[in-house]
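Residues per chain, in single letters:
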Amino acid sequence: MLDQVHWRALGTNAHLLVLDGDLPAARAWVDELLDEIDRTYSRFRDDSELSRLQAQAGAWTTVTPLLWQAITTAIAVARDTDGAVDPTVGQAMRVIGYDRDFALLGSRHGEPADFEIRLAPVPGWRAIGLHAPERRVRIPRDVELDLGSSGKALAVDLAVRAAAAAAPRGGVLVSLGGDLATAGRAPDGGWRILADEDSETPPDTAGEVVAIQAGAMATSGVTVRRWRGADGIERHHLLDPTTGSPVEGPWRTVTAVADTCVAANAASTAAIVKGDDALDWLDRQGRPARLVATDGFVVRAGGWPAPLDVVVA
Amino acid sequence: MTPELRSRIAHRTRASRLRSDLTGLTVLTGLVATAGFGWLAAETYAGTPQSSKAPTTTTTTDGSTVAAPTPTNHSSTTTNGSTSNGSTSNGSTSNGSSGSSSSGGSVSGSSGVSRSSGRGHITSGSS
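Chains as they are written, first to last, in my numbering: chain U, 1 to 313; chain F, 1 to 127.
Source of the hints: derived by calculation from the structure; they are not laboratory data.
The C-beta atom is built at its ideal place from N, Cα and C for all residues, glycine as well.
It cannot be assumed that every hint is accurate.
Stated by the list, open to error - Just a few of them, taken from the derived set where beta-carbon distance is under 8 Å, the chain F residues facing chain U:
#1 T2
#2 S7
#3 A10
#4 R12
#5 L22
#6 L31
#7 T34
#8 G112
#9 V113
#10 R119
#11 H121
#12 I122
#13 S126
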């Protein structure tokens, strides 16, 4: 039997699907983990460990295992994507106005101020100092971390592992804002996923449905999570580290499949940032991916199946 | 999307289709070659077809005739005890169908994602 529940967590929509397992127990495990993650590396909480680390910028600071994992994962993603997905975009993100939970951004909209926001390339992941034996981290004074991209994907990977304990003979799927991972046994025919541009779209909506038996899937895009900054210019949250400004490329949405949500999210986000080079890069990575161009043209790469079966509502 | 990118995508699509076609052609050629090789091996060592016009006697330089060797046993034992039906086996056991391979033949599902005709359990999208 497939049970599911959804709720709000980490500023986005959370979904938990449990096949032949204990849904309440799985939810409890996931809740506990997401609470810990929020306390550890939210950049919107002054009392989070990441905020405290940021306040210690310039000094070597010992961090908890979870924050260490989040930071080293972000750095690994930056390295594997040739710097396209970089955790040192925190300051650029704040400058363009994404400095609080997205749900609160709309509350300060007023008349655009008469000034110009100046953007610059981000410092880059190599600026972060790591000392593994003692789990110490050093962030330079002029660098602000934003673990949002890989951090959410890591949360999904950790959450699905936690939830799997509640379905030892079944399977689980955890989704945070449309980035998802699975563990254990899949339903007959696999976990069916509607590949869409907005994670809020109901899964039984007409569209392109694919199935995975295991692994993870993530979608990145520039069509949602947009806001109008204090200078009156509308922006989105996917930044090009080489300019520090929101990406303006050929793709508006990319969905990718990988073994883990971190890898899938890295691929989908990097593809948006890499723009014209995304297809060749995805080929080299061997990642199945579905790319939607800004004009709606859809390209499939790396073994993503052709859309022969489209669900009609 | 720029015309240049659209052109690259079209080129890429054509290349993918050609690669797929070539893969299918290669598999077909391999199967035909394997079947042909097996048939030839069977024909060679079984001494058939019966309609073969191969001589049963050979004339020697001195004018005498000798009988051509007739295969009497389709199996032989190699020095290390392994058996062969006449084809060179180099010590391993062979059943005459050499040429077929079990490796690299399966390509289905390699991407980890497949089509589905059902309704989605969940949506993957931006948030």
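Subject >> Status of the hint placing I122/F at chain U (closest C-beta pair under 8 Å) >> reply: holds (5 Å)
**OP:** Under 8 Å, Cβ to Cβ, is where A10/F needs to be relative to chain U, so tell me if that hint holds or is violated.
**Re:** violated (10 Å)
Original post:
Once the shortest beta carbon distance from T34/F to chain U is found, is it less than 8 Å?
Top reply: Violated: closest Cβ of chain U sits about 27 Å from T34/F, beyond 8 Å.
**OP:** With chain U as the partner, please determine if T2/F meets the hint condition of a C-beta pair closer than 8 Å.
**Re:** holds (7 Å)
Original post:
Given V113/F was flagged as interface, is its beta-carbon under 8 Å from a beta-carbon of chain U?
Top reply: With Cβ-Cβ at 5 Å, under 8 Å, it holds.
Subject >> Status of the hint placing L22/F at chain U (closest C-beta pair under 8 Å) >> reply: L22/F check fails; min Cβ-Cβ to chain U is 17 Å, beyond 8 Å.
Subject >> Per-residue hint verdict: L31/F, partner chain U, C-beta under 8 Å >> reply: Violated - the Cβ of L31/F stays beyond 8 Å from chain U, reaching only about 24 Å at its closest.
Subject >> Supplied contact hint for S126/F, tested at 8 Å Cβ to chain U >> reply: Nearest chain U Cβ about 3 Å off; hint holds.
Subject >> Interface restraint verdict for S7/F against chain U (beta-carbon cut-off 8 Å) >> reply: Where the cut-off is 8 Å and the nearest Cβ of chain U is about 11 Å from S7/F, the hint is violated.
Original post:
Hey, does the H121/F contact hint survive, CB to chain U under 8 Å?
Top reply: Holds. Min distance 5 Å.
Original post:
Should the hint that R119/F touches chain U count as held when the rule is a Cβ pair under 8 Å?
Top reply: holds (4 Å)
Original post:
Does G112/F meet its interface restraint, that is, does its C-beta lie within less than 8 Å of any C-beta in chain U?
Top reply: Interface hint status for G112/F: holds (5 Å vs cutoff 8 Å).
In this structure, the hints that do not hold are numbers 2, 3, 5, 6, 7, in rising order.
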